[in-house]
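*Asks:* One-letter residues, chain by chain:
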Amino acid sequence: MLELLRQYVMGYVTLTPEDFSLLAEKIVVRQFDKRELLLRPGEVEQYMNFIVKGLARMYFCRGREEVILNLARERELISASSSFLSGEPSNYFIETLEPTTLLSITRDDLEHVYKQNSRIERLGREMTTYFVLEKEAWEHACMRLDTRERFLAFVEKNPELVQRVPQKYLASYLNMKPETFSRLKPLLRRRPLANVNR
Amino acid sequence: MRHSIAAYKDAIEHLHHYLSRFTPLSKQEFGTLLTYIEVREFEKKVRVIDAGQVERYLNVIAWGLARKYLPVRNKEITVQLASEGHLIHSELSFHYRTPSAAVIETIEPTVFFSISYDSLQQLYDQFPKAEHLGRQLISDLFVKKDNHYYDQLTKNTRQRFLEYVHTHPQMLQRVPQKYIASYLNIKPETFSRLKHLVRPGRR
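Chains as they are written, first to last, in the working numbering: chain A, 1 to 198; chain B, 1 to 203.
If you are wondering where the hints come from, they were derived from the structure by calculation, not from laboratory data. We put the beta carbon where it would ideally sit given N, CA and C, even for glycine. Fair warning: there could be bad hints in the mix.
[As the list claims (entries may be wrong)] Ranges between beta-carbon positions, derived for each pair:
hint, chain 1, residue 1, chain 2, residue 2, range
1, B, Pro188, A, Pro166, 35 to 41 angstroms
2, B, Tyr18, A, Glu74, 36 to 42 angstroms
3, B, Glu41, A, Ala141, 31 to 37 angstroms
4, A, Tyr130, B, Thr154, 40 to 46 angstroms
5, B, Phe22, A, Thr180, 39 to 45 angstroms
6, A, Tyr130, B, Phe22, 18 to 24 angstroms
7, A, Val13, B, Asn74, 40 to 46 angstroms
8, B, His196, A, Arg6, 57 to 63 angstroms
9, B, Leu120, A, Lys177, 39 to 45 angstroms
10, B, Phe22, A, Glu179, 45 to 51 angstroms
If we strip away everything but chain A, and leave its shape as in the complex, we get (with noise of 0.2 angstroms):
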């Protein structure tokens, strides 16, 4: 399992084994069912997630709608990332959708690692830009693309998760109507090639 999370963090930084093993100290394996809630608003995220295996989402209620804000599978992180970096209370549920394991590390010992080893800091800036650029582009795009276009962008870039993740859950994710996205499935088997090439 930390073989997995080696090779994540690797494509961010180059960490020696003793780095790495700072690191891996303070790491810890949790488990969960599906449906079970990692976090919820109000709370304050104490964990940086790693998935080793399975799915998860995070989301928040507007009225009755549940408005996803990331979905997040194997080799990927999933926390509310605001919240576990300013230390404020989350607006965010984070749910699991099938049955999930992490690598986790929590808030303090991670900020204890910062200050032992500069790389691994550095590893932290790193991936922090990473999110902001991730967002960034996430908002370029909704900006930039329509409906079609982003539903494309979409499962051209995730083609396993529209068999995994609910469809609803996928409209709400790409901010559309359900209605809409089932109208704009045919589209995919028109283009099976893609789908197998990745």
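With chain A held as given, fit chain B onto it using these hints.
*Replies:* Using the frame of chain A, we list chain B on its own:
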């Protein structure tokens, strides 16, 4: 543009103060950091970076005012309004070294304290505290972005308007109305209608 030495001194002091909010920096440390910084000056209504160019700089505004927008189908969507002490750059282009989709344009004559991409990498390698400072800065940026996005999704037009003008009272005077309206995702007509809420004596 001509500015007094005192004005620069003042702005540099503000920069020191701004950075110290994230991590304490001695005079000497701040002095080292300054050697990586360039001063860039622009008249008003100048495109600091245009769509298609690769962003070379991360800028903090010493004084002046700039906006960042996305040109989308003959429209300009304002995504940031930045005044003194604010960070502004085309971040996707800066970090990925790809052509910018966004345009940054000055609204007033503006002076930037800028660090180039290459200087920033050198700074991270040569100046131990920079790593910590950089992480704190970027974390703060993420939290602000997340809050703004959440507000856009959860607050109504009137709430967004009132909160913005109360937290940025001087912007209403300095920024053309249509830019603020675009930034808050409010129709210009609606924005005009909401303005009566902030007339003197009606707060």
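*Asks:* May I ask you to test the hint 39 to 45 angstroms on the CB atoms belonging to Phe22/B and Thr180/A?
*Replies:* 43 angstroms, holds
*Asks:* Could you tell me whether the CB distance from Tyr130/A to Thr154/B stays inside 40 to 46 angstroms?
*Replies:* 25 angstroms, violated
*Asks:* Starting from the range 57 to 63 angstroms, see whether the pair His196/B and Arg6/A falls in it by beta-carbon distance.
*Replies:* For Arg6/A against His196/B, whose Cβ atoms are near 60 angstroms apart, the range 57 to 63 angstroms holds.
*Asks:* Quick check on a hinted range of 40 to 46 angstroms for Val13/A and Asn74/B, using CB atoms only.
*Replies:* Since Val13/A and Asn74/B have Cβ atoms about 42 angstroms apart, the given range 40 to 46 angstroms holds.
*Asks:* So does Tyr130/A sit 18 to 24 angstroms from Phe22/B, Cβ to Cβ?
*Replies:* Distance hint for Tyr130/A, Phe22/B holds at roughly 19 angstroms.
*Asks:* Tyr18/B and Glu74/A, beta-carbon distance inside 36 to 42 angstroms?
*Replies:* Cβ of Tyr18/B to Cβ of Glu74/A: about 40 angstroms, so the range 36 to 42 angstroms holds.
*Asks:* Is it true that the C-beta distance of Leu120/B to Lys177/A lies inside 39 to 45 angstroms, as the hint says?
*Replies:* 43 angstroms, holds
*Asks:* Assuming the hint says 35 to 41 angstroms, is it satisfied by the Cβ distance from Pro188/B to Pro166/A or not?
*Replies:* Hint holds: Cβ distance 39 angstroms, inside 35 to 41 angstroms.
*Asks:* In this structure, is the beta-carbon distance linking Phe22/B and Glu179/A contained in 45 to 51 angstroms?
*Replies:* 47 angstroms, holds
*Asks:* If I claimed the Cβ atoms of Glu41/B and Ala141/A lie 31 to 37 angstroms apart, would that claim hold in this structure?
*Replies:* 34 angstroms, holds
The structure does not agree with numbered hint 4 stated previously, though it agrees with all others.
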